[in-house]
Amino acid sequence: MTGIPDRPGPPAHPSDLALDGGGPAIEAHLSGCAPCRWRVEAGRLAVERFEKDVLPRTLPRMRQRLQRRRWAWRGFWIGAPALAAGVVVLALQSPSKPTGGVEPGWTGVKGRAAAPALEIYVKRGDRVTRLEPGQRLRPGDALRWIVRGDRERYLSVESRDADGRVTRLFPGRTDAEAARVRPGDELPGSAVLDETPGSETLTAVFADKPFAIDGPPPPGAVILRVEIPKDATAGGPSR
Amino acid sequence: MDDKKIGELYRQAGALIFRRCLKLLGDPAAAEDATQEVFLKFMAHAAELDPGDGYLPWIYRVATNHCLNRIRDEARLEVRDPAMLPDLPEEAAAEVFPDRALGAQVLRRFDTDTQSIAVLVLCDGLTQDEAAGVLGLSRKTVGKKLRRFLVQARKFVARVGVES
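So the sequence lines, in the order shown, correspond to chains A and B.
Under the numbering used here, the first residue of the first sequence carries the number 1, and numbering increases by one thereafter.
Under the numbering used here, the first residue of the second sequence carries the number 240, and numbering increases by one thereafter.
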């Protein structure tokens, strides 16, 4: 039987991470190892390129983007004490106890601050706001999600429109299993709503162990579902 | 946080992020774009991170994940449906599957944690303990996913017909 080595290749060479860490042992190794000195030099050249070329060109834009984000997040943190009541947590379900349908409205999970949740943010034009209970979405709105809870879990998120079309929102469409997330993670990418009239139903499945997305939710999974009303056109009322 | 502090952090962490992204993407322009996106994520979490380790574990984890997603998304445009590809003699397969596209195809078959483990251990030379530390996984999970990756990746490459 072929064993899987801890690290393929010559065991005497430190990893990139170890090289970055430096120290007497690393210095001693480098003094006698040309390939590793080359690795360090390649990294140094990349840093030099960043400092001389990339940083001067991109720092002003980074500051602008961070300034815009700062304004968008300010409202979120001010509202944090009341956020638990508005968090998109609705219709907790256990796979063994189906509720038989989606319940409209919003429900805070009182006394269960550790329960997993998704906070939803809506970008409309250049404005980013937290999705509020009862708020209506419009075609063209882009949604982002922040994971909340007390521990790491595995998560999948999908959306179903009024025509019954299901779109996988997280993880990526080619991933077969739910992805591991931590509290505070902002899910990558965003979902932009199309013109299909009717509401969007978001379903998030949280579990403590990996699970196949196309299969049934595992026992003990927390299923969060919310129905978000959507106007037919981009110029419709916002609430 | 004032502009001066942002500049200091961008100089420190941005350089390390750029170095990481350049290694994975191989293209300075792509690495520059990726650096900005990853730095934005960094700033959202900076207060929770330990500057004592130079933010390295976080940078390795998040930059790797970001770049792998980019590689995977770009590869999706190049090879839409493997079943549509004609059968080729072995020696021609290498031309149709340049290394990068093949690497992306292989990685795409696995979950994001396994992709990161494969890159950290097989490309960056991290030990499984180091990879576990960077990714926040147990050593056992890293070993298990790495074994699965090696076995299944080898099968896939053998099926495609590219010489190792």
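Treat the hints with caution; some may be incorrect.
Stated by the list, open to error - Here are the simulated DSBU-like cross-link-like pairs (lysine-lysine), alpha carbons at most 30 Å apart as the crow flies:
#1 B:Lys262 - B:Lys379
#2 A:Lys52 - B:Lys262
#3 A:Lys123 - B:Lys379
Just so you know, these hints were derived from the structure itself, not from any lab.
Hints, one by one, checked against the model:
1. B:Lys262 - B:Lys379: Distance ~27 Å between Lys262 (chain B) and Lys379 (chain B) Cα, so the pair holds.
2. A:Lys52 - B:Lys262: holds, 18 Å
3. A:Lys123 - B:Lys379: violated, 41 Å
In summary, the one numbered hint that this structure violates is 3.
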